[in-house]
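One rule links them: number in the numbering used here = place in the sequence shown (from 1) + 3.
A couple of the hints might just be wrong.
[As the list claims (entries may be wrong)] Below are the EDC-like pairs computed for lysine to aspartate or glutamate, each with C-alpha atoms no more than 16 Å apart in a straight line: (1) Lys320 to Asp403; (2) Lys319 to Glu259; (3) Lys320 to Asp269; (4) Lys320 to Glu263; (5) Lys319 to Asp257; (6) Lys194 to Asp403.
These aren't lab readings, by the way, just hints derived from the structure by calculation.
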Amino acid sequence: MSCRIKLCGIHTTEGAEGVNATRPDFAGLVFWPRSSRFVSDDEAARLRGIIDDDIPCVGVFVDEPVEHVASLARAGTIDIVQLHGNEDGAYIARLRGLVPGVEVWKAFVVRDEADLRAARESEADVVLLDNGRGTGRAFDHGLLAGGLGRRWVLAGGLDPESITAAIERFAPWCVDVSSGVETDGAKDPEKMRRAVVAAHGGGEMQGTETDTAARLTSDEMSPRFGIHGGQYIPETLMNAVIELEDAYRRFKDDPEFTSELTALLDDYAGRPSRLYYARRMTEDLGGAKIYLKREDLNHTGAHKINNALGQALLAKKMGKTRLIAETGAGQHGVATATAAALLDMECVVYMGEKDTQRQALNVYKMRLLGAEVVPVTSGTATLKDAVSEAMREWTSRIADTHYCLGSVMGPHPFPTIVRDFQAIISREIKAQLAEKEGPGTLPDAVLACVGGGSNAIGSFYHFIDDPSVRLVGCEAAGRGIDTFETAATLSTGRLGIFHGMKSYFCQDDLGQIAPVYSISAGLDYPGVGPEHAWLHDIGRAEYVAVTDEEAVQAFEYLSRLEGIIPAIESSHALAHAMRLAPTMRPDQIIVVTLSGRGDKDCAAIARYRGEDISE
4 MSCRIKLCGI HTTEGAEGVN ATRPDFAGLV FWPRSSRFVS DDEAARLRGI
54 IDDDIPCVGV FVDEPVEHVA SLARAGTIDI VQLHGNEDGA YIARLRGLVP
104 GVEVWKAFVV RDEADLRAAR ESEADVVLLD NGRGTGRAFD HGLLAGGLGR
154 RWVLAGGLDP ESITAAIERF APWCVDVSSG VETDGAKDPE KMRRAVVAAH
204 GGGEMQGTET DTAARLTSDE MSPRFGIHGG QYIPETLMNA VIELEDAYRR
254 FKDDPEFTSE LTALLDDYAG RPSRLYYARR MTEDLGGAKI YLKREDLNHT
304 GAHKINNALG QALLAKKMGK TRLIAETGAG QHGVATATAA ALLDMECVVY
354 MGEKDTQRQA LNVYKMRLLG AEVVPVTSGT ATLKDAVSEA MREWTSRIAD
404 THYCLGSVMG PHPFPTIVRD FQAIISREIK AQLAEKEGPG TLPDAVLACV
454 GGGSNAIGSF YHFIDDPSVR LVGCEAAGRG IDTFETAATL STGRLGIFHG
504 MKSYFCQDDL GQIAPVYSIS AGLDYPGVGP EHAWLHDIGR AEYVAVTDEE
554 AVQAFEYLSR LEGIIPAIES SHALAHAMRL APTMRPDQII VVTLSGRGDK
604 DCAAIARYRG EDISE
């Protein structure tokens, strides 16, 4: 078994460097003046500057004025607040008012069942069970025999030798270690290393590599990508996501599961999808050679089937009998309905009422496949509202229902699960390009459209560790990023929390999620997946904005030049390829992922051009 680990009480340069070398999930900075590991605000800021950005820092406080705690969070010195005093629900509410979206951990001194009951009922995001304030002694673990029913941190008296047994006995979400990894009052790098290895399941560490790309593509299922991600969900859903993470950890490398999924992808979905050399497009544009990754040739006509089959099979293994999903352009809804029909599962798809009108053909397909399609009339009646409604439905039917989320968004572990199922795209690109252009050949640029970001992260993933490959995500600018009618999150958005995750979102002046617009129903989402947000932060991927008009021109261009009608979503990536290719050399290569085919969009594009046709 494995869990997360926090190494607490970091107060020296050596300790911060030890954190970077050993890669715990969290690093703790203690702001309680009576602690021997106390750090001042200035010292904490200096240590935060040493600790790698993708390791969240937890600030530990005891009855500290809430304004001071909030100022440290706003300054970026700490990412998470851990409270060890008499702070109550009102204090936590005040803190969240000052720093919207901040994650709060609350420590409880455990003496009896009443203390455990208080922990269960706490308003905090996470609770920590301890015997006191950093005394290094264990509380009566026998009190935990009945479990806690929420995310919790085990602290007190832990060291590298006792962590494994504690995890096996109590299955905490995280363990907190401080004095147990010290020698003579100083953090001991070897003890830190052994503690992290023990918490992460006893396997060998990934080494002391500190390159961000290498860490990103490790096999660990971290709940965060830098500061992004997390699980910002009601307690009523916490057991469901814990169950899902446990099941995915169990099945993702299980030979029987992977064999079944591979057979479905190959024999049913039609993988591998083709990598097509677009000769006429290349000759017309000049510059780089252009290849198209033909996800549009998959069964159901888009990349969405990769993830839908994976999640549906996982749900079946979990004993679920019912799938629910959200959809914008309808492609994920069709894919989920298809997988449900194949695996004999009930299916309900939530779709914004506005999208049901502009994607009427896909609505019919879903119903033909046996799914119930529920038009969502709340809010803007588009994709974001469909997601909200699906999450509400999941809360009421956890026992028999799996939420087959369609993109790399939402609470952990969805961004990782969807990413892993879509990573087959970049794995195939790498192998296919080597066949066509010679062993070891890599593209110079990989382009894909980005809404939530599933086809893009699938296209990027196996190239993240190849710095020579430019990764370019193409967002929907709508009528322009200088207007209110846009969905280009990374060009116009700000950090926030929505749909269970921390990421970048389009927001109004009051911090509320803003209405967004795109001609593409599939890109009409006000946020972006947390892994994309982090790739943007570290500069590994670049994100560009493409207007409706540019996308429509690309839609028409590829249709006439190559005889391929692309989805309007994919046309955003094609539009940028049309800009980029002429600036590159003829010996360079661009790969554009065609995430779907354009049958569904023909009527809408005709109307955009002033021609009124029926579906």
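### Query
Which hint numbers does the structure go against, in order from smallest to largest?
3, 6
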